[in-house]
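Position chain G relative to chain Y; hints supplied.
Read off the chains here:
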Amino acid sequence: MSNSSFTPSTSPVGPPPANTNFQPMSEGKGSFGSTNKPSSSWRKFIRKPTKQSVIVSVIPFAFLERTTTSWAGFVSAKIFHTIPEGYRISVSDPDAAAIVTRSFVVEVSPSGEEYIATSRISNTYEFGATPDQAISTYLEFLVDELIWLQKNEAQLSPSIQEDLRLLQRYLRIV
Amino acid sequence: MGTSLRDLRSLLETVLQFECDESRSHTRYFLRVNDRVVAETHYSRSWRGSTQIDDSTVSKQSRQLKCSSPKFLRRLLAGQAGRKDYLDDLLKNKHISQEEFDTLSSM
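Line by line, the protein sequences are chains Y and G.
Start counting the first sequence at -7; every next residue gets the next number (my numbering).
Start counting the second sequence at 50; every next residue gets the next number (my numbering).
To be clear, the hints were calculated from the coordinates, so they are not data collected in a lab.
Among these hints, one or two may not hold up.
[As the list claims (entries may be wrong)] When the alpha-carbon atoms are kept at most 30 angstroms apart in a straight line, the in silico BS3-like pairs for lysine-lysine are as follows: (1) K143(Y) - K143(G); (2) K133(G) - K143(G); (3) K143(Y) - K141(G); (4) K143(Y) - K109(G).
Because the structure is a prediction, the values reported are computed rather than measured.
Extracted from the complex, chain Y is given alone in its bound form:
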């Protein structure tokens, strides 16, 4: 993607939850180092997250620039957004909403000409023209997925029921 660029979010930023284990990026695509133990060089970018904000964790631009080894590494950089406990996700089709009952991290990375958002609480994914749009459509899809799985719960195979249980640990339809 030739025109991709990451702009540091002006939203409050903070480290990922302590119980989150990120996979290291693939070889040759740079590394952010340990996300659980941020180095002092980028501590200055961190602020305490608030419950009012969706976007609370962004790897700072300057940090990426210093630590990636190539331009390809830079454009492949991932962004991690923590969705805080208590956050409400509203969708219009169907008209529904869910509350985040446990914070989780959404991972956004470039994919073709779009951005793909994923997380460890589901095998689902969604795309968007911008990172924020990818996160927004992804959260909407999670709600849709939860509704669909709950509606068909009695008919789900054990492995899909496990998928539902995992999702229910983080989201509740209200």
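Same frame as chain Y, but now just chain G:
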């Protein structure tokens, strides 16, 4: 070889014979046997027929479809494996029972 949404839809609808639910905001496919949903997946509403599906997405889809590996899903998408191979894979990894396998095989 790249994989497009067209390939994915063809695989799900024609080869694997998944049911399609377009009643919601997202297009969802699922495989049902004896009133039990054993696999389900979706595709992004932003996709068009020629949209290329990258490896990380195929990996996610392989988990949704309960494939034993992304490589196996790639083989399905490339036409190098078929419905019987998929059902064998589901049975082998205990996502369906022998009875369900027999039912699906006879359809």
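Taking the hints in turn, this is what the structure says about them:
{"no.": "1", "hint": "K143(Y) - K143(G)", "in the structure": "24 angstroms, holds"}
{"no.": "2", "hint": "K133(G) - K143(G)", "in the structure": "15 angstroms, holds"}
{"no.": "3", "hint": "K143(Y) - K141(G)", "in the structure": "28 angstroms, holds"}
{"no.": "4", "hint": "K143(Y) - K109(G)", "in the structure": "23 angstroms, holds"}
In summary, the structure agrees with every hint in the numbered list given earlier.
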